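Chemist: Sequence:
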Amino acid sequence: MRKISRFHAVAAAVLALGLSGIAQATDAPSSGLGQSWPNATDVSANPHWHVYVFEKDGVRYVQVNDTNGGVHGAIATAGGQVLVLPIGSDAQNVTTSTASTTDPTSTTADTVYDDGTVKISATVQPTGAVQMAVKTVVALTRCTDSVVIKSLPNRLRGHASRR
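Residue numbers (my numbering): 46 to 208.
Since the hints were derived computationally from the structure, they do not count as laboratory data.
None of these values were measured; they are calculated from a predicted model.
It cannot be assumed that every hint is accurate.
Below 30 Å or equal to it, Euclidean Cα-Cα: the simulated DSS-like pairs (lysine-lysine) are [claimed, not checked]:
| no. | residue 1 | residue 2 |
| --- | --- | --- |
| 1 | Lys101 | Lys180 |
| 2 | Lys164 | Lys101 |
| 3 | Lys164 | Lys180 |
Working from the sequences, and respecting the hints, build out all of it.
Modeler: Below, the structure written as structure tokens:
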């Protein structure tokens with residue numbers, strides 16, 4: 046009986062260690078931001094770019110690199126808010142905006158990252174600089190709250206209840 050108990054204890058310990066390694070592998074790293082080749086998974090939506098995601102204290106950091114490892118820009122996002130970080134050769138060329146899910150996307154920009162709430166597009170300028178556009182996606186929902194609808198101006202009341 047003791048051998049079986051020891052076997053089960055060892056097997057359980059090995060299993061627990063293995064599962065904790067898997068759990069750590071799926072979490073976004075919390076360090077490496079600003080590095081050319083951070084120890085993070087490349088989550089780019091485009092083969093011409095590398096995108097790395099980091100998380101710390103509920104804030105998600107997204108960094109965009111070129112194929113040679115050059116850091117072009119990074120953002121921080123939490124709670125639907127986006128901040129441009131002063132990281133990368135094109136940090137001054139990063140713009141942010143909020144878009145409804147029905148907004149068309151630019152046909153000249155390359156989508157480099159899209160997690161469903163944040164979308165980053167990059168456009169190489171004739172000067173070689175990269176313009177990055179960051180959009181936070183806001184889903185449009187129908188307003189059915191009669192108190193809210195009654196508070197709208199008459200010209201908007203029908204639109205709010207018909208959507």
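Chemist: Hint by hint, say whether it matches the structure.
Modeler: Hint check:
1. Distance hint between Lys101 and Lys180 is fulfilled; the C-alpha atoms sit about 21 Å from each other, no more than 30 Å.
2. Of the pairs offered as hints, the one joining Lys164 and Lys101 holds, with about 20 Å between alpha carbons and a cut-off of 30 Å not exceeded.
3. At most 30 Å may separate the alpha-carbon atoms for a hinted pair to count; Lys164 and Lys180 meet this at roughly 5 Å.
When the structure is compared with the earlier hints, no violation turns up for any of them.
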